[in-house]
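There are 2 protein chains.
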Amino acid sequence: MTESCFTLLAKDGKARRGRVSTAHGHVNTPAFMPVGTAGTVKAMLPESVAATGAEILLGNTYHLMLRPGAERVAALGGLHKFMNWPKPILTDSGGFQVMSLSELRKITEQGVEFRSHLDGRKHMLSPETSTQIQDQLDSDITMCFDECTPFPATPDQAAQSMRLSMRWAVRSRDAFRRRPGYLQFGIMQGGIYEHLRQESARALVDIGFEGYAIGGLAIGEGQIEMFRILDFAPDFLPEDRPRYLMGVGRPADIVGAVSRGIDMFDCVMPTRAGRTGAAFTRFGELNIRNARHATDPRPIDPNCTCPACTSYSRGYIHHLNKAKEIVGAMLLTWHNLHYYQELMQGLRRAIEAGTFAEFVMDFEAGQARSDLPPL
Amino acid sequence: MTESCFTLLAKDGKARRGRVSTAHGHVNTPAFMPVGTAGTVKAMLPESVAATGAEILLGNTYHLMLRPGAERVAALGGLHKFMNWPKPILTDSGGFQVMSLSELRKITEQGVEFRSHLDGRKHMLSPETSTQIQDQLDSDITMCFDECTPFPATPDQAAQSMRLSMRWAVRSRDAFRRRPGYLQFGIMQGGIYEHLRQESARALVDIGFEGYAIGGLAIGEGQIEMFRILDFAPDFLPEDRPRYLMGVGRPADIVGAVSRGIDMFDCVMPTRAGRTGAAFTRFGELNIRNARHATDPRPIDPNCTCPACTSYSRGYIHHLNKAKEIVGAMLLTWHNLHYYQELMQGLRRAIEAGTFAEFVMDFEAGQARSDLPPL
Numbered sequence: 001m002t003e004s005c006f007t008l009l010a011k012d013g014k015a016r017r018g019r020v021s022t023a024h025g026h027v028n029t030p031a032f033m034p035v036g037t038a039g040t041v042k043a044m045l046p047e048s049v050a051a052t053g054a055e056i057l058l059g060n061t062y063h064l065m066l067r068p069g070a071e072r073v074a075a076l077g078g079l080h081k082f083m084n085w086p087k088p089i090l091t092d093s094g095g096f097q098v099m100s101l102s103e104l105r106k107i108t109e110q111g112v113e114f115r116s117h118l119d120g121r122k123h124m125l126s127p128e129t130s131t132q133i134q135d136q137l138d139s140d141i142t143m144c145f146d147e148c149t150p151f152p153a154t155p156d157q158a159a160q161s162m163r164l165s166m167r168w169a170v171r172s173r174d175a176f177r178r179r180p181g182y183l184q185f186g187i188m189q190g191g192i193y194e195h196l197r198q199e200s201a202r203a204l205v206d207i208g209f210e211g212y213a214i215g216g217l218a219i220g221e222g223q224i225e226m227f228r229i230l231d232f233a234p235d236f237l238p239e240d241r242p243r244y245l246m247g248v249g250r251p252a253d254i255v256g257a258v259s260r261g262i263d264m265f266d267c268v269m270p271t272r273a274g275r276t277g278a279a280f281t282r283f284g285e286l287n288i289r290n291a292r293h294a295t296d297p298r299p300i301d302p303n304c305t306c307p308a309c310t311s312y313s314r315g316y317i318h319h320l321n322k323a324k325e326i327v328g329a330m331l332l333t334w335h336n337l338h339y340y341q342e343l344m345q346g347l348r349r350a351i352e353a354g355t356f357a358e359f360v361m362d363f364e365a366g367q368a369r370s371d372l373p374p375l
Numbered sequence: 001m002t003e004s005c006f007t008l009l010a011k012d013g014k015a016r017r018g019r020v021s022t023a024h025g026h027v028n029t030p031a032f033m034p035v036g037t038a039g040t041v042k043a044m045l046p047e048s049v050a051a052t053g054a055e056i057l058l059g060n061t062y063h064l065m066l067r068p069g070a071e072r073v074a075a076l077g078g079l080h081k082f083m084n085w086p087k088p089i090l091t092d093s094g095g096f097q098v099m100s101l102s103e104l105r106k107i108t109e110q111g112v113e114f115r116s117h118l119d120g121r122k123h124m125l126s127p128e129t130s131t132q133i134q135d136q137l138d139s140d141i142t143m144c145f146d147e148c149t150p151f152p153a154t155p156d157q158a159a160q161s162m163r164l165s166m167r168w169a170v171r172s173r174d175a176f177r178r179r180p181g182y183l184q185f186g187i188m189q190g191g192i193y194e195h196l197r198q199e200s201a202r203a204l205v206d207i208g209f210e211g212y213a214i215g216g217l218a219i220g221e222g223q224i225e226m227f228r229i230l231d232f233a234p235d236f237l238p239e240d241r242p243r244y245l246m247g248v249g250r251p252a253d254i255v256g257a258v259s260r261g262i263d264m265f266d267c268v269m270p271t272r273a274g275r276t277g278a279a280f281t282r283f284g285e286l287n288i289r290n291a292r293h294a295t296d297p298r299p300i301d302p303n304c305t306c307p308a309c310t311s312y313s314r315g316y317i318h319h320l321n322k323a324k325e326i327v328g329a330m331l332l333t334w335h336n337l338h339y340y341q342e343l344m345q346g347l348r349r350a351i352e353a354g355t356f357a358e359f360v361m362d363f364e365a366g367q368a369r370s371d372l373p374p375l
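Chains as they are written, first to last, in full-length UniProt numbering: chain S, 1 to 375; chain A, 1 to 375.
To be clear, the hints were calculated from the coordinates, so they are not data collected in a lab. Fair warning: there could be bad hints in the mix.
Same chains, same label: a pair holds when it works inside one copy or across any pair of copies.
In silico SDA-like cross-links for lysine to any residue, where the CA-CA straight-line distance does not exceed 20 angstroms [as the list claims (entries may be wrong)]:
id, residue 1, residue 2
1, 87, 156
2, 324, 276
3, 322, 117
4, 14, 360
5, 87, 21
6, 324, 119
7, 11, 235
8, 106, 121
9, 324, 275
10, 106, 122
11, 81, 25
12, 324, 272
Work out the full structure, taking the sequences as your base and the hints as a guide.
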């Protein structure tokens with residue numbers, strides 16, 4: 001038995017407009033979750049993140065367990081209070097980061113033993129410890145502990161890895177403390193193989209979760225291959241539960257995934273790009289460090305209503321980035337998160353209005369323009 | 001002839017409560033000017049700086065002339081528009097930074113030839129070029145180009161240096177384009193020597209400026225010696241013009257200087273400290289990186305109304321600083337600027353109310369407490 005936590009409000013083709021209900025409030029879907037790795041969305045105050053329209057953040061279990069530690073976050077009131085974000089939080093399981101960031105890791109049936117990349121101390125992440133840590137953080141949406149199957153993988157490797165994740169999913173579910181408004185999502189694996197994706201989905205649905213994620217994508221297979229998998233994988237999941245595509249992506253990835261029935265997304269792209277000089281806009285990506293921006297009195301996008309675009313020139317933001325000024329990272333991060341949330345709002349409205357196909361055409365025409373005409 | 005740009009509203013002992021009028025608005029004194037070196041107050045959006053109560057910023061001519069260049073700032077609408085700060089701006093002359101930051105500098109009667117610390121290119125700063133650059137930036141308060149006499153200096157060295165600055169002050173005044181609301185301040189030098197300070201003041205008053213600065217302090221002589229000089233130096237300046245003590249200081253320095261008749265201050269202290277984990281409070285300075293703060297659920301100061309203190313624990317800000325997160329710098333910088341502006345407001349109100357002596361006693365008692373009692 002699982003809580004009813006998802007309302008499907010409208011559909012247009014495969015695209016879905018819904019609402020996820022959690023202990024800390026509602027999340028309108030399709031939703032993009034900014035990443036707050038270490039208990040902070042880098043370079044953004046939480047009230048600014050909320051002002052962009054974000055209704056949910058993602059927190060990283062791996063980072064928080066190592067510093068400041070889940071017990072300390074719990075002692076300081078839980079992650080919401082700790083970071084001053086009263087709205088919903090989804091935490092990942094740490095499974096992905098432990099494989100990509102930690103040192104001397106050893107993976108067994110039990111879980112993953114590893115050394116912290118910060119101080120070399122030994123830790124263990126397992127379905128039980130990951131679930132317990134997410135509980136200590138007071139996460140609204142707990143993710144199952146899984147192994148992200150690497151790309152490329154043979155059918156046999158992908159099957160072995162997926163089946164381990166499915167055994168871990170049973171243990172994650174057993175370790176999950178059920179409380180009203182607290183959700184747990186299972187994670188589908190299976191690599192690029194349709195029959196394995198189907199097997200994984202069946203195993204998860206048999207266990208029963210409040211929502212389902214599609215894992216193991218956006219790890220090097222490319223957009224064409226990702227979309228090919230998304231042409232079938234979401235259909236293996238129940239219609240009445242939210243579907244979360246982990247670690248995706250660029251704006252065009254998100255639009256394509258929504259059209260294939262995905263409801264939730266997270267990615268470091270808008271925040272990381274904001275610290276390295278890249279702006280996402282309705283007419284594509286631009287690098288503010290490019291010399292052509294140095295003397296440009298226009299905003300990044302004259303139609304954008306974010307603080308960076310309403311009050312600052314490209315020339316100024318170019319200058320801040322060249323001078324490595326923190327305010328440069330602050331303004332571009334804000335712009336990027338604003339753009340992402342505006343995109344999600346546009347997707348939601350188009351699905352409601354039954355104009356999703358037109359929205360996608362407009363989006364693609366804009367991206368193809370790549371920047372304003374030169375001055 | 002100089003514009004009337006200063007209104008002395010009240011006095012309590014030597015402490016003065018006044019108002020400076022500029023092309024971009026009024027500045028209530030005693031005033032603290034946050035430093036916006038490269039066209040940005042580091043880690044603060046300008047609306048946040050204004051929210052702390054700041055009415056004027058300081059911009060650095062040396063940094064801005066090298067990057068992005070004064071002509072570019074002018075082409076992008078002047079410094080106010082460039083950095084989105086519509087209130088008054090004071091610019092220094094570049095004289096201090098060119099001696100401390102540039103390479104291969106050569107000082108002559110004409111000015112200072114130097115190579116940029118950024119790209120090694122040759123530049124010249126002189127009374128004429130410095131004044132012209134400040135005009136291009138559209139600075140409300142232009143500073144004379146001077147030589148900051150090093151400490152220590154013999155009477156002869158201090159005299160030579162001061163007299164060069166006085167000859168440069170004549171040339172700076174000649175180069176200044178007079179417009180309503182645009183002010184130029186002369187800078188008193190003379191080291192630690194009373195007769196030289198007096199000679200310098202007379203030379204400046206003979207030229208006639210809208211305001212006067214005291215330069216060459218806070219460069220290693222220590223607070224006791226600085227206060228000894230401030231016991232006489234401000235008295236050499238006309239009562240009806242603002243007095244600006246350059247590069248000062250810590251809160252106790254400011255309180256002591258206001259009691260000796262100073263009206264305006266600037267210092268990188270609150271912003272720089274905000275990026276290195278130090279908080280200024282009514283009970284002294286604390287280093288948030290100290291381990292005792294890691295588990296402390298209390299704010300930096302429970303009486304403080306800044307965003308860092310109303311919404312975040314010491315434990316959280318400790319964590320952000322340990323993790324080198326930008327938001328840690330943002331919150332502590334905001335707190336420090338808020339504290340400084342609240343201190344200035346307290347000084348202004350006390351002078352108005354004739355309770356300056358009590359205010360200073362309370363301030364000193366608070367500073368002596370050094371932090372809240374441990375939990």
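Consistency of the hints with the structure:
1. 87 / 156: neither (41 angstroms within a copy, 67 angstroms between copies)
2. 324 / 276: both (9 angstroms within a copy, 17 angstroms between copies)
3. 322 / 117: Only across copies: residue 322 and residue 117 sit 15 angstroms apart there, 30 angstroms inside one copy, limit 20 angstroms.
4. 14 / 360: within (13 angstroms within a copy, 70 angstroms between copies)
5. 87 / 21: Classified as within; 11 angstroms inside a copy, 45 angstroms across copies.
6. 324 / 119: between (28 angstroms within a copy, 15 angstroms between copies)
7. 11 / 235: within (14 angstroms within a copy, 78 angstroms between copies)
8. 106 / 121: within (14 angstroms within a copy, 54 angstroms between copies)
9. 324 / 275: both (9 angstroms within a copy, 14 angstroms between copies)
10. 106 / 122: within (11 angstroms within a copy, 57 angstroms between copies)
11. 81 / 25: within (15 angstroms within a copy, 40 angstroms between copies)
12. 324 / 272: Both ways: residue 324 and residue 272 sit 14 angstroms apart in one copy and 15 angstroms across, limit 20 angstroms.
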